[in-house]
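*Asks:* Spelled out, the chains give:
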Amino acid sequence: MSEPKLATREVFSSRNVFILAAIGSAVGLGNIWRFPYVAYTNGGGAFVIPYLVALLTAGIPLLFFDYALGHRYRSAPPLALRRAGKKWTEALGWWQVLVCFVIGVYYAAILAWAAMYFFFSFTEAWGADPGAFLMGEFLQVAETPGVGFDFVPQVAIPMLVVWILTIGVIALGVKRGISRANVVMIPLLLVMFLILVVQAVTLPGAVDGLNAFFTPNWAALGDPAVWAAAYGQIFFSLSVGFGIMITYSSYLRRRTNLAGSGLVVGFANSGFELLAGIGVFATLGFLMQSTGQSMEDVAAGGIGLAFVAFPSIVSSTGIGPLLGVLFFASLVFAGFTSMISIVEVVVAAIQDKLGLGRLQSTLVVGLPMAAVSMLLLPTTTGLYFLDITDEFINKFGILAGAFAMVVAVAWVLRKLPLLQSHVDRVSSVRFGRVWLVLMGIVVPVVLGYILITEIITKVTTPYGGYPTGLLAGFGWGMVVLTIIGAIALAATPWKRATITHVDEDALDTKYEEIMAK
Amino acid sequence: MTATALIMMIVAMLTLWGGLAAAIVHLVRSPEVIVDEGDD
Numbered sequence: 025m026s027e028p029k030l031a032t033r034e035v036f037s038s039r040n041v042f043i044l045a046a047i048g049s050a051v052g053l054g055n056i057w058r059f060p061y062v063a064y065t066n067g068g069g070a071f072v073i074p075y076l077v078a079l080l081t082a083g084i085p086l087l088f089f090d091y092a093l094g095h096r097y098r099s100a101p102p103l104a105l106r107r108a109g110k111k112w113t114e115a116l117g118w119w120q121v122l123v124c125f126v127i128g129v130y131y132a133a134i135l136a137w138a139a140m141y142f143f144f145s146f147t148e149a150w151g152a153d154p155g156a157f158l159m160g161e162f163l164q165v166a167e168t169p170g171v172g173f174d175f176v177p178q179v180a181i182p183m184l185v186v187w188i189l190t191i192g193v194i195a196l197g198v199k200r201g202i203s204r205a206n207v208v209m210i211p212l213l214l215v216m217f218l219i220l221v222v223q224a225v226t227l228p229g230a231v232d233g234l235n236a237f238f239t240p241n242w243a244a245l246g247d248p249a250v251w252a253a254a255y256g257q258i259f260f261s262l263s264v265g266f267g268i269m270i271t272y273s274s275y276l277r278r279r280t281n282l283a284g285s286g287l288v289v290g291f292a293n294s295g296f297e298l299l300a301g302i303g304v305f306a307t308l309g310f311l312m313q314s315t316g317q318s319m320e321d322v323a324a325g326g327i328g329l330a331f332v333a334f335p336s337i338v339s340s341t342g343i344g345p346l347l348g349v350l351f352f353a354s355l356v357f358a359g360f361t362s363m364i365s366i367v368e369v370v371v372a373a374i375q376d377k378l379g380l381g382r383l384q385s386t387l388v389v390g391l392p393m394a395a396v397s398m399l400l401l402p403t404t405t406g407l408y409f410l411d412i413t414d415e416f417i418n419k420f421g422i423l424a425g426a427f428a429m430v431v432a433v434a435w436v437l438r439k440l441p442l443l444q445s446h447v448d449r450v451s452s453v454r455f456g457r458v459w460l461v462l463m464g465i466v467v468p469v470v471l472g473y474i475l476i477t478e479i480i481t482k483v484t485t486p487y488g489g490y491p492t493g494l495l496a497g498f499g500w501g502m503v504v505l506t507i508i509g510a511i512a513l514a515a516t517p518w519k520r521a522t523i524t525h526v527d528e529d530a531l532d533t534k535y536e537e538i539m540a541k
Numbered sequence: 051m052t053a054t055a056l057i058m059m060i061v062a063m064l065t066l067w068g069g070l071a072a073a074i075v076h077l078v079r080s081p082e083v084i085v086d087e088g089d090d
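From first to last, the protein sequence lines stand for chains A and B.
So in the numbering used here, the last spot in the first sequence is 541, and the numbers never skip.
So in the numbering used here, the last spot in the second sequence is 90, and the numbers never skip.
Only chain A is shown next, with the shape it has when bound in the complex:
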């Protein structure tokens, strides 16, 4: 029997570098600005129970699922899913790639804002009313939601820098670019964030903030919405199900302890979220005390937390710019390592499909992405595009795409036992049948439930009260576009040299031999 020959591929120099890159991808803005608020509004201290259950029963199993696909078939999502299945499963891979394309387009803008706020921190440029400063002076948001091309230079220039750096790092390749960026930034992020948290918990009022955050509301555990929130948080925070982990694990040596590495990544991501929760709520406790408001008034998540609440806090601590500088530098580092991983998915997929070199494929992908991004985001209407597209692409791109992939691989292709034996063969921890049950039943049921709930919500109430036309374009339209694009890309032929079909038995034998060495 001839050995399956898969194309020569770049590799991470070691397991530890891969782990850092995977943590860099997983730890992003969502860990810092989403988790604390989600936990607070869904039972506080009691949230730790559904959260832990979700991590163990869905997050880590999905992480292994992505690792198995990327590692076994050694390619970005379209080719990995093609090798695991057929042409229609390749389309599911392209769907993930296009979702990453869209996310990269607007993620660059948030990174640019965070970078600008890093500099604003030194002078407290936001003045007495950070909310008005953000929407007015800084973003110059148009009063009516719509599409416009009035450019805002103070957003456009840092965005351009973000794109140049992202393209530069990816063009340098897995070892010289992606690895180095993560090896430097992730330890630095941890150190900066630890200093931030120590500063935060010593602020007056911090204890009240932590009390508000950790006091359990046990009744919340009986609410299915709280459980859905826990699964949703784990799912969105771990960077699973939309191609990133498939792509990164495709750069691993064949003999790599997948499950052992995955456990570190999964717990590191959640561990960082807990740290962020403590830091954020300690500072919110300070805000609560200094303004005499209640936690319900000051608690916030997302853009409101980062660019409105946090600047207010920095201004009123009286300890100088340190808190703001550390916070926004952390956002930039956490965001940049995630941005790299998002764009890398698209670059790797195009590299597989067109058989181009690293530099060429980076430019073929990076330049159009940057162009679309620079055209739509640094404008007076950019915030509307970002808000709507982010919401819809998260729910009906990432979530729906992951659901479709899991159902396809588990229920239609019935490849779970094969993937399970693949992960178990190379790993020091074996999950065997437990993983089969979790991936075959628990994960698709939970993802399906959250997806259906989201569809009902979006259909019955227009998101954010935006005009229907805008929601149809930036929201539903964007989702439909990614699906049509995915089908079209899957229909285009592969180069003749590309191996789209693998002999699974021969591949198993190859792994057995490598593990026996």
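Simulated from the structure, these hints should not be mistaken for laboratory data.
C-beta atoms are modelled at their ideal positions from N, C-alpha and C, and glycine is treated no differently.
Misleading hints may appear alongside valid ones.
[Said to hold, decoys possible] One-sided and incomplete, this derived list gives chain A residues near chain B with beta-carbon spacing under 10 Å: (1) Ser-38; (2) Leu-76; (3) Asn-235; (4) Phe-238; (5) Pro-240; (6) Arg-277; (7) Gly-284; (8) Leu-287; (9) Phe-291; (10) Glu-297; (11) Leu-299; (12) Ile-302; (13) Val-453; (14) Arg-454.
[To be verified] Computed beta-carbon distance windows for the label pairs: (15) Gly-328(A) <-> Leu-64(B): 27 to 37 Å; (16) Thr-533(A) <-> Ala-71(B): 35 to 45 Å; (17) Ala-71(B) <-> Gly-328(A): 56 to 66 Å; (18) Val-388(A) <-> Met-51(B): 19 to 29 Å; (19) Ala-71(B) <-> Asp-321(A): 31 to 41 Å; (20) Glu-536(A) <-> Ile-57(B): 44 to 54 Å.
Position chain B against the provided structure of chain A, taking the given hints into account.
*Replies:* Below, chain B without anything else, positioned relative to chain A:
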């Protein structure tokens, strides 16, 4: 901090940071083996 909030904070720290520590210890104890994987 109140007793219940403190307990929940400790529970969260023990499970998440403890889990991370355990995962790291486990990984260190199964060191990476690099072998010639052939050309592909």
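*Asks:* None of the hints should be skipped; say for each whether it holds.
*Replies:* Tested hints:
Evaluation of the Ser-38(A) hint against chain B yields a held restraint, the C-beta minimum of about 6 Å falling below 10 Å. Contact between Leu-76(A) and chain B, as hinted, is supported at the beta carbon level, the nearest pair being about 6 Å apart and thus within 10 Å. With a cut of 10 Å, the hint placing Asn-235(A) at the interface with chain B holds, because the nearest CB-to-CB distance is about 5 Å. For Phe-238(A), the suggested interface contact is upheld, since its CB lies about 4 Å from the closest CB of chain B, less than 10 Å.
At about 5 Å, the closest approach between the beta carbon of Pro-240(A) and any beta carbon in chain B falls short of 10 Å, and the interface hint on this residue holds. Because the closest C-beta pair between Arg-277(A) and chain B is about 6 Å apart, less than 10 Å, the hint holds. Hint status for Gly-284(A) relative to chain B: holds, with the closest Cβ pair at about 5 Å, below 10 Å. At its closest, the beta carbon of Leu-287(A) sits 4 Å from a beta carbon of chain B; the interface hint therefore holds under the 10 Å criterion.
Because the closest C-beta pair between Phe-291(A) and chain B is about 4 Å apart, less than 10 Å, the hint holds. Interface hint at Glu-297(A): satisfied, since its Cβ lies 8 Å from the closest Cβ of chain B, which is below the 10 Å cut-off. Using the Cβ-Cβ criterion of 10 Å, the hint placing Leu-299(A) at the interface with chain B is satisfied: the shortest such distance is roughly 8 Å. The interface hint given for Ile-302(A) is met, as the beta carbon of that residue sits about 8 Å from the closest beta carbon of chain B, less than 10 Å.
Residue-level restraint check for Val-453(A) holds (minimum Cβ-Cβ distance to chain B is 7 Å; threshold 10 Å). For Arg-454(A), the suggested interface contact is broken, since its CB lies about 12 Å from the closest CB of chain B, more than 10 Å. A hinted range of 27 to 37 Å for the beta carbons of Gly-328(A) and Leu-64(B) is consistent with their spacing of about 31 Å. Thr-533(A) and Ala-71(B) have their C-beta atoms about 37 Å apart, which keeps the hinted 35 to 45 Å range intact.
Hint check: Ala-71(B) to Gly-328(A), Cβ distance near 34 Å, so the stated range 56 to 66 Å is violated. The supplied range of 19 to 29 Å is broken by Val-388(A) and Met-51(B), whose beta-carbon atoms lie about 54 Å from each other. The supplied range of 31 to 41 Å is met by Ala-71(B) and Asp-321(A), whose beta-carbon atoms lie about 37 Å from each other. Between Glu-536(A) and Ile-57(B) the beta carbons are some 49 Å apart, a value that agrees with the proposed interval 44 to 54 Å.
Hint violations for this structure: numbers 14, 17 and 18, all remaining hints satisfied.
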